[in-house]
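Engineer: Chain by chain, the residues:
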Amino acid sequence: MNIKELYQEIILEHGKNPRNLRKTENFNKDAMGKNPLCGDNVHVFLKLDENKKVEDISFEGSGCAISMASASIMTDLIKGKEEVEVKEIVSDFLGMIKENPELKSKNLEEDEKTKLMCLSGVKQYPMRVKCATLSWHTLISAIDNTQEEINTEKLD
Amino acid sequence: MSISGIKKEFPIFSNKIHNNDLVYLDSANSSQKPQSVIDRVNEFYTNEFSNTGRSVHYLAVAATNLYENTRSSVQNYINAKDKNEIVFTKGATEAINLVANTFGQKYLEKGDEILITELEHHSNYVPWHFLRQSKGIKIEFAEINDDGEITLESIEKKINSKTKLIAITHLSNVTGAVLPVKEITELAHSKGIAVLVDGCQGAPHLKLDMQDIDCDFYAISCHKMYGPTGLGVLYAKKKWLEQLPPYQGGGGMINDVKKDSITYGDLPNKYEAGTMATAQVIAFDQSIKFLEKVGIESMIKHEQELIEYGQEILKRNNSVKLIGNPKNRAAVLSFTIEGVHPHDIATILDEDGVAIRAGHHCCQILHDKLGISASARASLGVYNTKEDLDQLNSSINNCKKIFNL
Chain D
6 MNIKELYQEI ILEHGKNPRN LRKTENFNKD AMGKNPLCGD NVHVFLKLDE NKKVEDISFE
66 GSGCAISMAS ASIMTDLIKG KEEVEVKEIV SDFLGMIKEN PELKSKNLEE DEKTKLMCLS
126 GVKQYPMRVK CATLSWHTLI SAIDNTQEEI NTEKLD
Chain Z
62 MSISGIKKEF PIFSNKIHNN DLVYLDSANS SQKPQSVIDR VNEFYTNEFS NTGRSVHYLA
122 VAATNLYENT RSSVQNYINA KDKNEIVFTK GATEAINLVA NTFGQKYLEK GDEILITELE
182 HHSNYVPWHF LRQSKGIKIE FAEINDDGEI TLESIEKKIN SKTKLIAITH LSNVTGAVLP
242 VKEITELAHS KGIAVLVDGC QGAPHLKLDM QDIDCDFYAI SCHKMYGPTG LGVLYAKKKW
302 LEQLPPYQGG GGMINDVKKD SITYGDLPNK YEAGTMATAQ VIAFDQSIKF LEKVGIESMI
362 KHEQELIEYG QEILKRNNSV KLIGNPKNRA AVLSFTIEGV HPHDIATILD EDGVAIRAGH
422 HCCQILHDKL GISASARASL GVYNTKEDLD QLNSSINNCK KIFNL
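Going line by line, the protein sequences match chains D and Z. Heads up, the first sequence is in the numbering used here, so the first residue is 6 and it goes up one at a time. Heads up, the second sequence is in the numbering used here, so the first residue is 62 and it goes up one at a time.
Excised from the complex, chain Z in its bound form:
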């Protein structure tokens, strides 16, 4: 599938927004959906619907097979060693909460430390904060450098004998910095520390190889990967899923239930209590097929060209200040305009059909560190083009004009 003209695969781009073509630059928030994914949801509900894993009738067996087929596709896409290392959740947020809850319950004691970074999204901070409150653990923050990056050294500096887990983003949703997660994992493992990678932004834009990164946990948000909402993936090494306690109790996750004792199911059922987001899981297979058809290498090349072009034109635009200057940047361009609040920028750009996000992007710690309350963010998807970035730039100029800059 060729990237030029890929917008045609996404029906939303045939709509007009305020009489303009849609320039969608909010994929870090959530990506648009290709027709194949939308059709798959429809097809499942129309002709194939059944719950999975419970009944022996034809539809139930077929739905179960489709559901498990996506698990295999995900395993293959992220190069996990074992199919049972893939757990479906309601989102990346739940995936991280699952780890915080179970790992926290079993392995963390008062005084133990979790090391995160100043770049983290609230969903990779708040779950650890719960443990700070309930168990008295400490949370340490690795500090960003002037370019908005997290280096191996900044992680190393904060590791001590109390550090039990390092939880880091793969790709910052504000500065666009790609973190050296493989090197960080190697360092952590050499000291007996487990690693969780928040892959919300990494998964849609980077090549994923769990066995190469070697991290213990990796959280994925499917709706940012051209997939349906309400679905996430937790990749976890088998040894952890076997050792950790279950997360939620309910149907499907049990083996044997008696009045005085309960045993839990095998992997991955142990972590998938209740009726899952069946249609979403089945449709997510189409998202992976879409990405495979585009080709990861071509996607990365295309997005890298765009990010370089975007940086170039925004750097040339007076009064636009890019946030961060990471050497390895992907998919995200956050900026401020001196004299215009990000919300005003977003409202004015929207009038031209340019969809960006304004605010703290769930990264208040980072914005505090940068000394700003909010920023504007343009983020890329595979469907974006240089023309989109030209439109962004010209709408920014219009915004400056309205504010007499």
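Isolated chain D, as found in the complex:
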């Protein structure tokens, strides 16, 4: 596999100019995640409205191009979606990064799927999968209010 399939333009662009890299005002859910092996960390902030729809989502943290791009694309995608949809999308994304050849979620538009599939290159780089999944695990932790910091070394 060519390294350029991992570092596609869209990833480089999101990595350089991450969307929603800020702290949501009046957030009502949040969670922290870290990758102790490389020192990367992320803090995800969520604001759900009364219908459990994502009114706003943002993140703070630092990391490599893959982790920043993944968090950036993730926050962009799930804004406006409902909590149950978000959980389904996260599990679809994690399934794709792990083993599935494509995304199956009915809650994603085709162009959204295309965007997410840009991250599929990390499958070929097992050491980098955690970079791509950290913010997604952290998002679930925020939604579930687990109050537990996500640690990539403690995930499957």
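Treat the hints as calculated values from the structure; they're not laboratory data. Mixed in with the good hints there might be a few duds.
To be verified - 25 Å max Cα-Cα, derived BS3-like pairs, lysine-lysine:
{"id": "1", "chain 1": "Z", "residue 1": "K243", "chain 2": "Z", "residue 2": "K171"}
{"id": "2", "chain 1": "D", "residue 1": "K21", "chain 2": "Z", "residue 2": "K382"}
{"id": "3", "chain 1": "Z", "residue 1": "K199", "chain 2": "Z", "residue 2": "K225"}
{"id": "4", "chain 1": "Z", "residue 1": "K461", "chain 2": "D", "residue 2": "K9"}
{"id": "5", "chain 1": "D", "residue 1": "K128", "chain 2": "Z", "residue 2": "K461"}
{"id": "6", "chain 1": "D", "residue 1": "K9", "chain 2": "Z", "residue 2": "K199"}
{"id": "7", "chain 1": "D", "residue 1": "K34", "chain 2": "D", "residue 2": "K52"}
{"id": "8", "chain 1": "Z", "residue 1": "K462", "chain 2": "D", "residue 2": "K128"}
Keep in mind the model is a prediction, meaning the values are calculated, not measured.
Knowing the structure of chain D, use the given hints to seat chain Z on it.
Structural biologist: Chain Z alone, transformed into the frame defined by chain D:
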């Protein structure tokens, strides 16, 4: 043995990595192994295997002799006064833990201070932290200067009447700075303070003379010295090994065992409880022979030329920022590239067969001080060449290209 063409002694270099020649620049993490070391492990398990020190049969006696022979080789290589000052451990980490545990148990009280430096690897900090928690000792950090060095003055500044032990690295695994360990030891001893040197990086690259440095403890990692994994050496002055309590209890370290009393064995058995890493110890003798055949002076000269060449080309490369600028640098070139995270650098370099490390290199205190979360590190071994460093530079350029820098 001539250094040019020494790669041939290391079978790993005949492999291709992603269809490219391997450019191995991660020796500070762990070095590659010469064929002679690999063969020795194989030979021992194939034709000579036995446990040591327990039985009187032929194989046991032969294995014990081989095992003890490595102890003598290490003694000779590091110029220790006494063979029994060499203790085998499972690694340098265990060597430092052994000292923290036993020295801490016997000599440290609440309020006593251990002085370490901001350059220390976690393995020369965490064991002291355990004592901070269990005994209420304090840990002081000597501060680096702008060049990423630890000077004698920065140590002197932090010494006070409570300081009981100074634990310092010989060679920083991030900035590559060589510390003035002899001068620091002299200063410490003049104030009655013991000195432990973490020699993980020093031992593979510098000339070792324990009687000259005069430190009390010196920890060595054998797998960074062209030797097998699972093995370390603790050098400790005899007076300490005699005075300190045993570290682990078990077979081999005892003298007499009764229901109501136990006496411990003589040195070095007192500190080598249980079955040791016999094959590794025996094979490590070949690592020392390899280093002696290369010649320490030639190795140092070769690596010094490389480090100067590496510094030169990386300094010329725009957007590469070297970490530290020590006057006395050896074996390590850590750097960052503005706009590219070290993990991305490492992944992209790997595609060209260039193996470096990215992360905090077990030195979070130092990275915090430098205000960065991670760095990329190219570290040298005796097998590296100027061509390797040229490849590093050209792969860095490729990385900059991918990131549109």
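Engineer: State for each hint whether it applies.
Structural biologist: Against the structure, the hints:
The straight-line distance between the Cα atoms of K243(Z) and K171(Z) is roughly 29 Å, outside the 25 Å bound, and the hint therefore fails. For the hint pairing K21(D) with K382(Z), the CA-to-CA distance comes to about 19 Å; that is within 25 Å, so the pair holds. At roughly 10 Å between alpha-carbon atoms, K199(Z) and K225(Z) fall within 25 Å of each other, so this suggested pair holds. Simply put, K461(Z) and K9(D) have alpha-carbon atoms about 13 Å apart, close enough for the 25 Å limit, and the pair holds.
At most 25 Å may separate the alpha-carbon atoms for a hinted pair to count; K128(D) and K461(Z) meet this at roughly 23 Å. Straight-line distance between C-alpha atoms of K9(D) and K199(Z) comes to about 50 Å, which puts the hinted pair past the 25 Å bound. With a C-alpha separation of about 6 Å, the suggested pairing of K34(D) with K52(D) holds against the 25 Å cut-off. Straight-line distance between C-alpha atoms of K462(Z) and K128(D) comes to about 23 Å, which keeps the hinted pair within the 25 Å bound.
Checked against the numbered hints above, the structure breaks hints 1 and 6 and satisfies the rest.
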